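Protein chains in written order, with numbering that gives the first Met the number 0: chain A, 0 to 400; chain B, 0 to 294; chain C, 0 to 347.
No wet-lab data here; the hints were simulated from the structure.
There's no promise every hint is true.
[What the hints assert, rightly or not] Below, a list of computed lysine to any residue pairs in the SDA-like style, where the Cα atoms sit at most 20 Å apart:
| # | chain 1 | residue 1 | chain 2 | residue 2 |
| --- | --- | --- | --- | --- |
| 1 | C | 172 | C | 37 |
| 2 | C | 170 | A | 118 |
| 3 | C | 170 | A | 116 |
| 4 | A | 208 | B | 118 |
[Claimed, not checked] Label-pair ranges, simulated between beta-carbon atoms:
| # | chain 1 | residue 1 | chain 2 | residue 2 | range |
| --- | --- | --- | --- | --- | --- |
| 5 | C | 148 | B | 281 | 30 to 36 Å |
| 6 | B | 84 | C | 19 | 35 to 41 Å |
| 7 | C | 298 | A | 303 | 20 to 26 Å |
From a predicted model like this one, the values you see are computed outputs, not experimental measurements.
By construction, the Cβ of each residue, glycine as well, lies at the ideal position given by its N, Cα and C atoms.
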Amino acid sequence: MKRIFVLAGILLCLTVAAPAASEVGVTDDTISLGTFQDLSGPGAYLGKICTTALNVWIDNINRQGGIHGRKLELAVEDNKYDPELTKVAFTKLVDRHKVFAIVLVYGSGPCTAVKDDITEKKVPTFPTMASVESMYDPPSRYLFWYACNDEDNAIMMVDYIKADLNLGPDKAVIGVCYQDDEWGKSALEGARLAADQYGYKLVEAPYKKGSKNLNPQVMKLKARGVTHCFYAGYAPVYAVLLKEANKVGWKPKFFGDYVTVDPRTFAAEDLADGHYHFFNLGLRNENTEGWKELEELFSAAGAEKMLDVPLLPLLWNSMGMFETALRKVGTDLTREKLIDTIESIDNFDTGGNGYIDYGPGMRKGTHQYRILKCNAEKKIFEPVTGWREPSLKWPEREKLK
Amino acid sequence: MEIFLQLFITGLAWGSVYACIALGFVLIFKATDIFNFAQPELLMLGAYTALTMVAWFNLPFFAGFAISLIVMGAAGAVLEMIVVRPMVGEPVLAIIMVTLGLANILRGMVSLIWGPEELPFPAPFPETPVRIFGAYCSPAELYTIIAAGVLITGFILFFRYSSMGVSMRATAEDTQTAFLMGINVKRVFTASWVIAALVATVGGVFLASFTSYAAPLMSFYGLRALPAIILGGLDSIPGAVVGGLIIGVAENLAGFYLEPYFGSGMNEITAFLIVLIVMMIRPYGLFGSRIIERV
Amino acid sequence: MSVNRYCVRTYKQDRRIFPSPMARLGLGVLGILLISLPFWAGAYWVHVACVCGVAVVTTLGLNLLTGYTGLISLGHAAFMGIGAYTAAVLAIKAGFPFLLALPAAGAMAALAGVVVGIPTLRLKGLYLVITTLAFQFIVEHIIFHWDSVTNADTGLDLPAAALPFITFDSKEKFYYVILVMVVFTAFCAKNLVMSRTGRAFVAIRDRDIAAEIIGIPLARYKLLSFVISAFIAGVAGALYAYLVGHIGPDLYTFEKSIRYVAMIIVGGMASILGSILGACFITLLPVGISEVFGPLASAYPALATRIGAVNVTVYGLVIVLFLLLEPAGLFGIWIRVKRYFTQWPFTY
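Pulled out of the complex, with its shape left as it was, chain A reads as follows (with noise of 0.2 Å):
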């Protein structure tokens, strides 16, 4: 009987111990990754840019030899932005291509669909750009999250108004005009939290996703006589927005969110001069470190149109900070030894691009911003601020709500 139990024992020990042996999609010289994105839906455009990025992100660690002499592989699923598909595919991903972790997702209704199966599966997400507070609050262990936060910017915003234009709540109406999504809700919700603090009046002007008609909305915000709005949308209706408040006649400075740091502002030609934009990485036409490291390998795959992506380097920041987790790992990879050395990292070296820093407990990689200004006879944009945060912090300011 004893002998029974012993045997028993030893059983239970070997299918216990024979998964921590190697880890999930982790063998002797490949790590393999996955990925969904959208290749076909609306928002291909990402997909591309994504994809495109991975591509030359493999390929240049690849040619040195891998990571501790195990090559990347990559597994590309397409969820045609839709939170159904997304499921399937983040399954296939873990059940059959079985993936050590899923790199480089975005958008709020796809992420949201497999937040839960993320956290019970245990595979290491790295990083969500989705513009969803709940991909950080609270937080998932397995679950990182960079991009910019349009509540941080919206603060900000204020911020800005009052100490350096020093306009005070008489002087100024602040709008928002904003995708009727969670993305722009969370813009409204810093510009109202700081509007309340500071005494700003605030007008809001929501606009349903994929319209392009905001006559009604910049007639609201005219009438309401508002002089500084906030923009939380994709850039070619931050175009529109310019054209429509040009034709009415009507002249505020603009705020558009990192979104809007994006070519195709220029539309608007002229119309787009002057107004601020928020950012959390470095500009092309600052000749920073990580931009020139972007042109040479860029280049050097064919890849030259991905560099007029003025938001490249927040692909490639994450990417950067997690190969080098990955090598500070060592030999013996596993999925929590992973995450350990990410939140330990601190302050990663992007070559000037920006700022990227998780820590336990802390799933938000930006925390820091510049204010840029809108050149469009030079069609680039330029920093009026150094580094800065919200005076409203994250997550002190949830108790204010």
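Since the structure of chain A is provided, determine the placement of chains B and C on it from the hints.
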């Protein structure tokens, strides 16, 4: 009052775009009894063709526009011959589904050829707004309103006086009888697709001029024209235009006046609310012909 | 191999759901395969099978409305959405158990079916199509903007489904719930269409005015069709909500509605088997395409979006070619294949 006028005029301009889309739907339906769900994709294709002519081949805008009209007309004819003609006589739903499949194909082809990102559209219209009755109007909007006016007058005359127009009407009324009367039904079918493709191109070019971009997502605007058609009546050309204008204006007004009470998408669903109400009162649209059924 | 053996001699034989012994044998084999699926297929295919199952349930309902009664609905995803949100809200806020939430979801959707059904009684053909479309968009709007209940686009997280003695905390377990629901719905639908009600539906579809003349109360049966179909869609929506564990407004969009209509057309109108085949086909088509294009996209990430575009084109192409070559749908092919084998060697 000034605000109202401004909303009204901008609404009118958007309404004109809807009217162009709606016209395409109605033209095909009127001649062939087929509801073409790929019409929004024709609109998108039209905009992309014009973009290619102007931006890639460096043609002057109006020459490029004219050539893209020819190209799109040919495309309409080809689509009709390959995809739609074999389906004649099949159940309505099967044909609807074929056009939906066609929509998928066109969307896929567009993002295959031109890529998934928005491309800047080289509109020739100046940015300086024009002042009309105290409201501002961009030149692109003004041209759209005028173009819609010209199109509707043209088509009303076409259907009333030209022999092609009359045979199209006859075919719509009763295909078999028209066939027996010696009307070339095949040609009528093809002609209706050609004309629909042309109208779609006009609509697409104006829509792209409004928004400065040609994008694969443009086709979603096609759906917004559906209420216009239903409102006007599926087989009425003036109905499509009036319906389009009503929807455009109502949307814009609702976006301003009702948004504080019902939330941000109000302008989008106003059209559908209007449709629901109209359908309860007049189940065949405002201008649609009432069908008398026999057992 | 005599043809005689399948000859139908009595009414009782005619009323059988599965008339031939071969059909019953085939069904048995299929049943065993389906029941054992979680043991050999892996989590991915189980998930795909679950999605298929939900689609089958919805399609069965939609086919009752569109295939049998001839009322076209482009708003079926909205009914599913109503069901899903009802189940989610009841489960989260009122703590409804799974067994109660499911019928409640159906009931709420059925209620919506009445609301849509009454004004549409006078409408026909495309006017009805667009009115249901309007309903679809209005429901989408409400889901998106009724923040306090639906939580807008953050969506709602559902608890795992549970019966008194078992919690369906994994996909493999929930698979059986869906399987049971599919069989149950198919059984009910088959029975319904073979009954007086089913025949009334078909009469309305073929000639509604004639149907009224021979004594079928049009309004009642049209409404009944709407209610049954919406009820089934609501239940399917709730099932889906429990399957994915999280619902948001993106799940019940117009495109989904279109997909369900595609399922019945591709499968075969007015056919139970057709509904099942169509639902599986349309659900599996993108899965199959991604089996081919997925590895391609992984191998050439730089071309990934081009590959995605081809993927969309192929999807459309398959549907168009299918309808051009086989307008009767998968069911038509099935009948032909079956005829070929039953009449072998006397084929033509």
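Taking the hints in turn, this is what the structure says about them:
1. C/172 x C/37: Holds. Residue 172 of chain C to residue 37 of chain C sits at ~8 Å (cutoff 20 Å).
2. C/170 x A/118: 16 Å, holds
3. C/170 x A/116: Between residue 170 of chain C and residue 116 of chain A the Cα gap is close to 12 Å, so the pair holds against 20 Å.
4. A/208 x B/118: 19 Å, holds
5. C/148 x B/281: 30 to 36 Å: Given a distance of about 34 Å, which is inside 30 to 36 Å, the answer is holds.
6. B/84 x C/19: 35 to 41 Å: 39 Å Cβ-Cβ, so the 35 to 41 Å window holds.
7. C/298 x A/303: 20 to 26 Å: 23 Å, holds
Going down the numbered hints, you'll see the structure goes against none, and every one checks out.
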